[in-house]
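Trainee: Full structure from sequences and hints, please.
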Amino acid sequence: MEKVNFRTQVLTRHLLNNDHRGTAATAGISTSPCLSYTPPEISSKPFPFDVNSMRKLMDGHNIEDRDWLFNLMIQSNLFNPKLRGGKIFVVPDYNQSMEQQREITMKRIQYLLDHGVFERWLTGKGFDAEMRKLALLEVIEIFDHSLAIKIGVHFFLWGGAILFFGTKRHHDKWLKASEDYHIKGCFAMTELGHGSNVRGIETITTYDSKTEEFVINTPCESAQKYWIGGAANHATHTVVFSQLNIDGNNQGVHAFITQIRDADGNICPNIRIADCGHKIGLNGVDNGRIWFDNVRIPRENLLNSVADVSADGKYLSAIKDPDQRFGAFMAPLTSGRVTIALSAIYSTKISLAIAIRYSLTRRAFSITPNGDEVLLLDYPSHQRRLLPLLAKTYAMTFAGNYLKLLYVKRTPQLIKTLHVVSSALKAILTWHNMRTLQECREACGGQGLKTENRIGQLKGEFDVQSTFEGDNNVLMQQVSKAMLAEYVAAKRRNKPFKDLGLEHMNKSCPVIPSRLTNSTLRSAQFQIDIFCLRERDLLNRFAIEVSENQAQGESKESAFIVGYQLAEDLGRAYSDRLILQTFIEAENNVTDTPLKEMLGLIRSMYVLVSLDEDVAFLRYGYLTVEAAATVRKEIVKLCAEIRPHALSLVSSFGIPDAFLSPIAFDWVAANSWSN
Amino acid sequence: MASISSTYGETDQVLVEEKSSVRIFTLNRPKQLNALSFAMVSRLLELFTSCAEDSSVKLIILKGRGRAFCAGGDVAAVVRDISQGNWRLGAEYFRKEFTLNYVMATYNKPQVSLLDGIVMGGGAGASMHGRFRVATENSLFAMPETALGLFPDVGASYFLSRLPGFFGEYVGLTGARLDGAEMLACGLATHFLRSERLTLLEEALCKANSSDPRVISSIINEFSEVPNLKEKSSYHKLKIINRCFSRRTIEEIIAALEREGVQRKDDWISSSIQSLKKASPTSLKLSLRSIREGRLQGIGKCLVREFRMVCHVLRGEVSKDFTEGCRAILLDKDKNPKWEPSKIELVTDELIDRCFSKVKDDGWEDLQLPVRSDLASYAIAKL
Numbered sequence: 001m002e003k004v005n006f007r008t009q010v011l012t013r014h015l016l017n018n019d020h021r022g023t024a025a026t027a028g029i030s031t032s033p034c035l036s037y038t039p040p041e042i043s044s045k046p047f048p049f050d051v052n053s054m055r056k057l058m059d060g061h062n063i064e065d066r067d068w069l070f071n072l073m074i075q076s077n078l079f080n081p082k083l084r085g086g087k088i089f090v091v092p093d094y095n096q097s098m099e100q101q102r103e104i105t106m107k108r109i110q111y112l113l114d115h116g117v118f119e120r121w122l123t124g125k126g127f128d129a130e131m132r133k134l135a136l137l138e139v140i141e142i143f144d145h146s147l148a149i150k151i152g153v154h155f156f157l158w159g160g161a162i163l164f165f166g167t168k169r170h171h172d173k174w175l176k177a178s179e180d181y182h183i184k185g186c187f188a189m190t191e192l193g194h195g196s197n198v199r200g201i202e203t204i205t206t207y208d209s210k211t212e213e214f215v216i217n218t219p220c221e222s223a224q225k226y227w228i229g230g231a232a233n234h235a236t237h238t239v240v241f242s243q244l245n246i247d248g249n250n251q252g253v254h255a256f257i258t259q260i261r262d263a264d265g266n267i268c269p270n271i272r273i274a275d276c277g278h279k280i281g282l283n284g285v286d287n288g289r290i291w292f293d294n295v296r297i298p299r300e301n302l303l304n305s306v307a308d309v310s311a312d313g314k315y316l317s318a319i320k321d322p323d324q325r326f327g328a329f330m331a332p333l334t335s336g337r338v339t340i341a342l343s344a345i346y347s348t349k350i351s352l353a354i355a356i357r358y359s360l361t362r363r364a365f366s367i368t369p370n371g372d373e374v375l376l377l378d379y380p381s382h383q384r385r386l387l388p389l390l391a392k393t394y395a396m397t398f399a400g401n402y403l404k405l406l407y408v409k410r411t412p413q414l415i416k417t418l419h420v421v422s423s424a425l426k427a428i429l430t431w432h433n434m435r436t437l438q439e440c441r442e443a444c445g446g447q448g449l450k451t452e453n454r455i456g457q458l459k460g461e462f463d464v465q466s467t468f469e470g471d472n473n474v475l476m477q478q479v480s481k482a483m484l485a486e487y488v489a490a491k492r493r494n495k496p497f498k499d500l501g502l503e504h505m506n507k508s509c510p511v512i513p514s515r516l517t518n519s520t521l522r523s524a525q526f527q528i529d530i531f532c533l534r535e536r537d538l539l540n541r542f543a544i545e546v547s548e549n550q551a552q553g554e555s556k557e558s559a560f561i562v563g564y565q566l567a568e569d570l571g572r573a574y575s576d577r578l579i580l581q582t583f584i585e586a587e588n589n590v591t592d593t594p595l596k597e598m599l600g601l602i603r604s605m606y607v608l609v610s611l612d613e614d615v616a617f618l619r620y621g622y623l624t625v626e627a628a629a630t631v632r633k634e635i636v637k638l639c640a641e642i643r644p645h646a647l648s649l650v651s652s653f654g655i656p657d658a659f660l661s662p663i664a665f666d667w668v669a670a671n672s673w674s675n
Numbered sequence: 001m002a003s004i005s006s007t008y009g010e011t012d013q014v015l016v017e018e019k020s021s022v023r024i025f026t027l028n029r030p031k032q033l034n035a036l037s038f039a040m041v042s043r044l045l046e047l048f049t050s051c052a053e054d055s056s057v058k059l060i061i062l063k064g065r066g067r068a069f070c071a072g073g074d075v076a077a078v079v080r081d082i083s084q085g086n087w088r089l090g091a092e093y094f095r096k097e098f099t100l101n102y103v104m105a106t107y108n109k110p111q112v113s114l115l116d117g118i119v120m121g122g123g124a125g126a127s128m129h130g131r132f133r134v135a136t137e138n139s140l141f142a143m144p145e146t147a148l149g150l151f152p153d154v155g156a157s158y159f160l161s162r163l164p165g166f167f168g169e170y171v172g173l174t175g176a177r178l179d180g181a182e183m184l185a186c187g188l189a190t191h192f193l194r195s196e197r198l199t200l201l202e203e204a205l206c207k208a209n210s211s212d213p214r215v216i217s218s219i220i221n222e223f224s225e226v227p228n229l230k231e232k233s234s235y236h237k238l239k240i241i242n243r244c245f246s247r248r249t250i251e252e253i254i255a256a257l258e259r260e261g262v263q264r265k266d267d268w269i270s271s272s273i274q275s276l277k278k279a280s281p282t283s284l285k286l287s288l289r290s291i292r293e294g295r296l297q298g299i300g301k302c303l304v305r306e307f308r309m310v311c312h313v314l315r316g317e318v319s320k321d322f323t324e325g326c327r328a329i330l331l332d333k334d335k336n337p338k339w340e341p342s343k344i345e346l347v348t349d350e351l352i353d354r355c356f357s358k359v360k361d362d363g364w365e366d367l368q369l370p371v372r373s374d375l376a377s378y379a380i381a382k383l
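Chains as they are written, first to last, in the working numbering: chain A, 1 to 675; chain B, 1 to 383.
Hints may contain errors.
[As the list claims (entries may be wrong)] Here are the computed distance ranges between Cβ atoms for each label pair:
{"hint": "1", "chain 1": "A", "residue 1": "K320", "chain 2": "B", "residue 2": "G261", "range": "39 to 49 Å"}
{"hint": "2", "chain 1": "A", "residue 1": "T593", "chain 2": "B", "residue 2": "D54", "range": "41 to 51 Å"}
{"hint": "3", "chain 1": "B", "residue 1": "F356", "chain 2": "A", "residue 2": "S44", "range": "18 to 28 Å"}
{"hint": "4", "chain 1": "A", "residue 1": "Q110", "chain 2": "B", "residue 2": "G261", "range": "16 to 26 Å"}
{"hint": "5", "chain 1": "B", "residue 1": "D362", "chain 2": "A", "residue 2": "L113", "range": "45 to 55 Å"}
{"hint": "6", "chain 1": "A", "residue 1": "S97", "chain 2": "B", "residue 2": "D54", "range": "49 to 59 Å"}
[Stated by the list, open to error] Dumping the calculated DSS-like pairs for lysine-lysine here, alpha-carbon to alpha-carbon at most 25 Å:
{"hint": "7", "chain 1": "B", "residue 1": "K360", "chain 2": "A", "residue 2": "K56"}
{"hint": "8", "chain 1": "A", "residue 1": "K107", "chain 2": "B", "residue 2": "K237"}
{"hint": "9", "chain 1": "A", "residue 1": "K596", "chain 2": "B", "residue 2": "K358"}
Because the hints were derived from the structure by calculation, they are not lab data.
Built from N, CA and C at the ideal position, the CB exists for glycine as well.
Mentor: In structure tokens:
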């Protein structure tokens, strides 16, 4: 009883409670509790490694900028602070109507704008500005996906289109105005009838040399622009993707700037806009549909970095091949895939931090007569559910950091690599996110169903990730397609592989020891060897299958489509190997011994779980049946070894308490009568 | 019924009264405005520790004799230690003081602090972590550390960062003085009453015989009133404060204030800029980062971090502003400290980073906080 009083009093002591004269708000628990909450910090051993150093390694950059933005959000009522169980949480109110969520999202953007968050997001050049922007976007995503997407559409898609497709006249006119939100942009690419296949869009634009204007038209219902974020309520301008028809010749897809609303928010003439309606998540984003009824725009509004139309209506382009022109056009859009992959990782971290903290305080069933009930995470089965996902999240964090640097430091020579890496990681990381969210939701039991505990809601909010900016399955096919092309090129010219990390194919085939000992399984050499073995064998098999199909008279394309089973396995093999390589690289740069040892354990867990989960290892005989059983046993051991560090590992994610949820802390107090 | 214990010499710096289930501790160094000496901190820690276990004690009242509640820590003694080349001795003072702050913050019985006068620095640390903080018309609150070459310590990165908006940054960086009404408005005080009613309040509390914060709160309410904020109160400027003091860096905060100053002539803005420009540039950067990190941490983690920072400051390896500030403000009183680095833009991130790192000195240990098996979750930090 004394203990309970103590706790309730401490809870109410601090400045958190501004209602200093209120009596109801400070009410204590009056009945004796059946269970009491013990913070995991009390029962867990002291951190064996420095959590701050681990956080720095994971977040990678702009730590103080990130903390500053967390501070900004916590201190504003716009971010919906709620006192639960003695702690403040900021989390959007998803119980608001769609309209309310959209309005509050826009107000939050205004607040961030007023406090200088977006400074230099479009006008800043160089590495530091780019990294700051990405760090801040990651922090915004931790609060709310809708907010991040609305900002992402405006800066990365609309702003990015102007930056990359436009030339000086567009930059001068639009960048600063967009950065200050004097205009609000959106990005009209997807249509009802065409999503991933951008080349097939039906919107058509012609040129009128008499007035020096382009005329944009939506010729049929399937050509209506669809899912355009920002279009339904707020956007004043859009970049429209459309076929360009000059003198009856289709020159392929081009991008045009079009105003769709005036400053007062009235829709412009010859534009029709409808709402996409309520969605399973992301309701703070006003997705809309747009029809263009022969909308006229000045010739200067063609974003002309790749191709232009002269005043008298001549089509001019430095790139003659329409395929290449399209490629040049699409290349900058990788930014979307990069930010999606990165945000998937942070969503995963939120759910794991909550579920693991909960599993360190929630007990169920005793396994001895009259004994204490057992902590969820002390069940080996619960460890097996959560800890491998934790290890994968670490591995994918390093892959995400690699992708980020590849993107920021991109050169024309690296465009192909960037395309393949971003496609692979966008798909793998977002799939991992959805899987982790579901597992964490279940691991929290009924509490996982409450919106305030975030995880369940995140499933709806993040589901879209496997679809937008390229369907995951389509992206993975592109990965195996690129690998096949690399293979064919190397074989045809009889030259070594030198791209896509396939250099290991030039060496002799790695040999996997027949007897796998504990130390072999945990050695980086074995781990990279077995991943390379799988990748090289699958690539060989895939190439043979495609060429056999071609030999039987199938076209290249249809031979590829028929080989989808191997293509899928291959895409995964490529991604896993890439992720492991980035992990080992990050690990090699660490000098601190406790940190390095911890990372070694996590790496082994990541690899062994991958071996256990991907049937390809058994199907194609990279592992014997006995070896697979050994791997399985080793995972159980790794779970037990990582278990004592679970708390420090999720603490290293660097997500402030306020952005987690009540069940991550004192869930008894948060659910007490007085709360 | 009342008894005053002053069994051995040093302890009469803290007077102890036992009234039924209440213990009244009075800080008793009025000439030094009750600045907390090492002996006082030690004694308070003893008293709080023993009362925690004594089930006959239900409530603690802490107050000061004379015109101050407590004007701060005994910085002069610390500077003496440093000048004798013994930073470790000075650091031991802070170790004890921060431990006391932690014990108060996680205490199992309500602490009512009667803030009838000056509350600065260490005095804030001895009161703000307790449940009830009673201000009067005589209250005068400030965290003046940046002018001394230090930074708001004693857990200030915890309690300042939890004030509305960015008021905490304003108070911590400029050393702005607040009166009782302002303390109540921003939440530093939980109650306000006129000084003349304090005796009655004490008597009522002594009769309460309860540890229930609801009971205590309603008793204090009976004597309380809601004072009007003075017209020129900085709390009226919360909008400007939020606009400016939310900025990412000290440089940007000053620039934002200067922009506001251009838009409107305002003494408050110019005096805020003045305070910032007079303060130690290193202190400003340390303080801002400390408050920003504090907002994301629990009280324990805040104190551990602040202790590291204090040790770095005492060691003088990053800057000697602390000894210089104490010389200029407390000893020579020429009020003209020569800060080094002298300009904000000369204080590099690397310099500040070092002050947040573990102290690497033979056998030197981080602050070890007493274990609390029943610690509330808010008091815990993850990072």
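Trainee: Given the hint of 39 to 49 Å, is the C-beta distance from K320 (chain A) to G261 (chain B) inside that range or not?
Mentor: Roughly 59 Å apart at Cβ, these two residues miss the hinted range, so it is violated.
Trainee: Is the Cα-Cα distance between K107 (chain A) and K237 (chain B) 25 Å or less?
Mentor: It holds: about 22 Å lies between the C-alpha atoms, which stays within 25 Å.
Trainee: Does K358 (chain B) lie within 25 Å of K596 (chain A) when you go C-alpha to C-alpha?
Mentor: Status holds; Cα separation ~19 Å.
Trainee: Could you see if the CB distance from Q110 (chain A) to G261 (chain B) stays within 16 to 26 Å?
Mentor: 24 Å, holds
Trainee: Can you confirm whether the C-alpha distance between K360 (chain B) and K56 (chain A) stays at or below 25 Å?
Mentor: 20 Å, holds
Trainee: Has the hinted range 45 to 55 Å been met by the Cβ atoms of D362 (chain B) and L113 (chain A)?
Mentor: Between D362 (chain B) and L113 (chain A), where Cβ atoms are some 51 Å apart, the hint holds.
Trainee: Confirm or reject the claim that S97 (chain A) and D54 (chain B) have a C-beta distance inside 49 to 59 Å.
Mentor: Hint holds: Cβ distance 55 Å, inside 49 to 59 Å.
Trainee: Is 41 to 51 Å right for how far apart the beta carbons of T593 (chain A) and D54 (chain B) are?
Mentor: This hint holds: roughly 46 Å between Cβ atoms.
Trainee: Does the beta carbon distance between F356 (chain B) and S44 (chain A) stay inside 18 to 28 Å, or does it fall outside?
Mentor: 24 Å, holds
Of the numbered hints listed earlier, the single one contradicted by the structure is hint 1.
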